[in-house]
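> On the provided structure of chain Y, position chains V and C as indicated by the hints.
Chains as they are written, first to last, in the working numbering: chain Y, 599 to 892; chain V, 26 to 329; chain C, 761 to 1157.
Hint data in this document are derived by calculation from the structure and do not stem from the laboratory. Here the structure is a predicted model, which is why all the values come from computation and not from measurement. One thing to keep in mind: the hints can contain errors.
What the hints assert, rightly or not - Simulated pairs of lysine to any residue, SDA-like, Cα-Cα distance not exceeding 20 Å:
#, chain 1, residue 1, chain 2, residue 2
1, C, K965, V, V184
2, Y, K632, V, W239
3, Y, K783, V, L220
4, Y, K659, C, L1094
5, C, K825, C, G849
Claimed, not checked - Covered stretches of chain Y (chain C as the covering partner; in silico rule of three or more C-beta atoms under 8 Å from a C-beta of chain C):
#, stretch
6, 656 to 662
7, 767 to 778
8, 791 to 802
9, 864 to 875
Glycine residues also receive a C-beta, built at the ideal position from the N, C-alpha and C atoms.
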Amino acid sequence: MTLSGPSLGTRETLSSIQSSAATPPRPRRFGAGKVISWVVFLLAMLYFFLPLLATFDFAMKAKPEWAAFTNTFKDAKFFGTLLYSFTIGLITIVVSTLIIVPTAYWVRLRLPRLRPIVEFVTLMPFVIPPIVMVFGLIKSFSKGPLPLAASDQGNHVLLVAAYTILSFPYMYRAVDSGLRTIDVKSLTEAGQSLGSSTFRILWSVIFPNLRIAILSGAFLTLAIVIGEFTIAVYLNRPAFGPYLQNLGQNKSYEPAAVSLISFGLTWIAMAFIALLGRTSQGRGGGQVEVGGAH
Amino acid sequence: MTADVATISEPGASMARPARRRFSWSFLGVLPFFLFTLVFLVFPVGFLILGSFQDSANGNALTLGNYADLTTPTVARAFSNSIEISLVTAIMGAVFGLLLAYAVILGGLPKFLRTFMMTFSGVASNFAGIPLALAFLFTVGNLGLVTVWLKSTFHIDLVNDLGFKILSKLGLEIVYLYFQLPLMVLIIAPAIDGLKKEWREASENMGASPRQYWQYVALPILLPSILGCTVLLFGNAFGAQATAYQLTSGQIPLVTLLIGAQISGDVLHNPGLAYAMAMGMVVIMGVSIVLYSILQRRSERWLR
Amino acid sequence: MTTKQSFFRLAAPFAMAAIVVSACSGGGATQSPSSSAAAPSTGGGASAPASAATGSEAAGGNMDKLIADAKAEGGLTTIALPHSWCNYGEVITGFTAKYGIPINELNPDAGSGDEVEAIKANKDNKGPQAPDVIDVGLSFGPQAKTDGLIAPYKVSTWDDIPDTAKDADGSWYGDYYGVLAFETNKAVVPTPPADWKDLLDPSHKNQIALSGDPRVSNQAIQTVYAAGLANGGSLDDAQKGLDFFKQLNDAGNLVPTIAKPGTIDQGATPITIRWTYNALQHKKDANGNPEIDVTVPASGRFAGVYVQAISAFAPHPNAAKLWMEYLYSDEGQLLWLKGFCNPIRYEAMNAAGKIPADLAATLPDTSGAVFPTLDQLNKATDLITKNWDSVVGADVK
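Isolated chain Y, as found in the complex (with noise of 0.2 Å):
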């Protein structure tokens, strides 16, 4: 946002602010919000635990107590499906945020007209059945010029691309977001006008000041991965969630034990993520510079 032309809003803005304060401006202590913030947060957690706290209380009423726990951790194929999960997870990230970065770039910068189609695109996702993608993926790619679903490898391929597909939703918005914050139109005139290519401009100037996007969207989509079932089971991939819905066939407190499990590993995953992603530029927090237009 720049400041450089003022809108009607921002002149609207000032002259109300003006005008409505009768007597003369004195900084106003917004103690208020800290407290508001605190119940908000406190209330929050509430509602997010509590689920979490009676799963818990049931997946340790199994005899002996820590049972269906350690029973989890027993089972080869826990781990197995979990770290293949996570690696097929991580692969997609990069290739969705590849794909999406570039094209929300493009999108907001030289083709704004293509925004609602670029969105409806991306939110196909939600509507198309996952067993009506998988069994129209399996169809198309049975045999012709790629026939990704007659291998193993192939078949890799495919899982991958689908959960690209169903990130899409959440890595572009999280990255039209981001971009929508920065001022993307500043930034690649400075670019250019110190004569870098387009592609210079987007590795080392756009991707860079979106770290935060990128990462929102890379958490959504490592939990995708991580809990998705139909796409994997039906191109019979070893992976976490066909291993999830499996185990609650029968069984009772080994299901409960393994979705608290699973829940903490991933969040441990991201919050690992989320460190590599703030060292690496060796300051925290999201503020971004843009050079000069404050």
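Just chains V and C now, with coordinates in the frame of chain Y:
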């Protein structure tokens, strides 16, 4: 705007050259995206479109019957339920998510809580389906943790005295919020980050009350992002299925449940109808995008 | 150019491309059965190896040839076989141990509809996601045959299978059956119901749940059907079942959640009605924590049959046939019995004295259980799925 496009696409061009739309080159930038979605989304979905015109009971002859079936009371009710629940949870999620995100990022809370909330939101946003439904049943269901605690400590019966049943539309919405809220938090975070602290301090210095700050500064800036997130939340809830199925075994008809029933159930099924319903969902998403684009263009006026 | 114009300009080619390509490439896959399955009962669709086999191929010395052929194929792909359903876990390991053929298991959670869809989707695909064999509800057999999705095969023990539970041409054949029983969490409900009318007792308020959606799940639909039998109805009239559940719902005893072992054990749905084999397996797994009671209702005993079939497009047709031989051999049938399922050859094997007494004792007394015919089942399913909403009513507001 036109002049800007010309300037950017031709770095070395002098300003004197007349502005010409050079969309043909710019399209290359979005080509990877469209190619990827064409191969992996549109082709498979082609079967969906084709299938919606086929009559499965009649040897897959072409028919418009599936679309006619969309007007039957069951399907119509499913659509209205789905839209209602998605809309309610989208708005609830947007409002509470915004509050929570703001509290954690700019609300004066310790810095580590922000990372905590972001990573937690990442996991919670996908904690859906059977584990989530069971978690809520275990909390406020028949013999749930909270239910039992209320009864034993306060002698309050959750269902009879407080009138709250988790197995209701409201209950379903509350459960949906579990993954809607974190999604909102995560996606609005970059936008809230963009709200400079200095702007708040500036309004304070000018004597603005918190309400004025929100009404005239913060909300107008955030509005486009909020709208975008609300549409995302709407789509997210619209496509949800497993949670509702486990919690209410389909007693609240939703489109996704009907589609699943036609394709996957143990009863002889009608995939053609399922595909037509999915196409209906596509249309609804399309309509919401159009609405969102209109609203968003109006709200972005404040930013330029 | 307006947004709308540019939208259509761009969207149209994609939509056209998608439809054209899928019509061309998918044409073979989604074509009407009449063209892709010229003669369903004599085996195979367009791209499947001819499998117009009868059991006589396997009977006698040809069994060795079948084993050799199956081993040469190197694998078998199954679908919808949870390990704890009828002891499929041991059946699978037993098969692999005996013949050295590894089994690739697809979605154990799949419903019958999923299995059929999986065959359709993989018609041209010989990869690891194409199922070789399916185990589906009775009503799916004839429809799959009409659609040309299954290939006939008569196992060597074909004659032991009751006529009402198999297709005359050998396309599908009953494998096991169970009887609907009450599964109760005794920690929450000390006196489990003994008959259908007990379910209406006010002490069971908010305690009874179905194991699935009665418009979708076999087990749930047949529960409603069975309730009718004890309520003045008959195999030809499922309406009484719907009426019974309306009563149950009005009394506040019915909980709309789906009953799973988790919800039963926790107490959210302490009473449910499932097949004997599911209930008994849960009881065994729970091992007293909590104590699960399995009671076959005193009246209104309802038996449900599942059927096996070989996919017409199976990547491993010989392994599939060998699998069938194994399932219908004494060894296979007894393994199912160990999983609390009544194997389809039970009567014949019992007459020949092949059932060990201790195994027979694990099965509850199911005498008097009725088997609906295919027509009765289809009619009842139709009635229940169409009228559940209006009769029982969506209580969930």
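> May I ask which of the numbered hints given earlier this structure violates, with the numbers listed in increasing order?
Hint check: 4, 5, 7, 8 and 9 fail, others pass.
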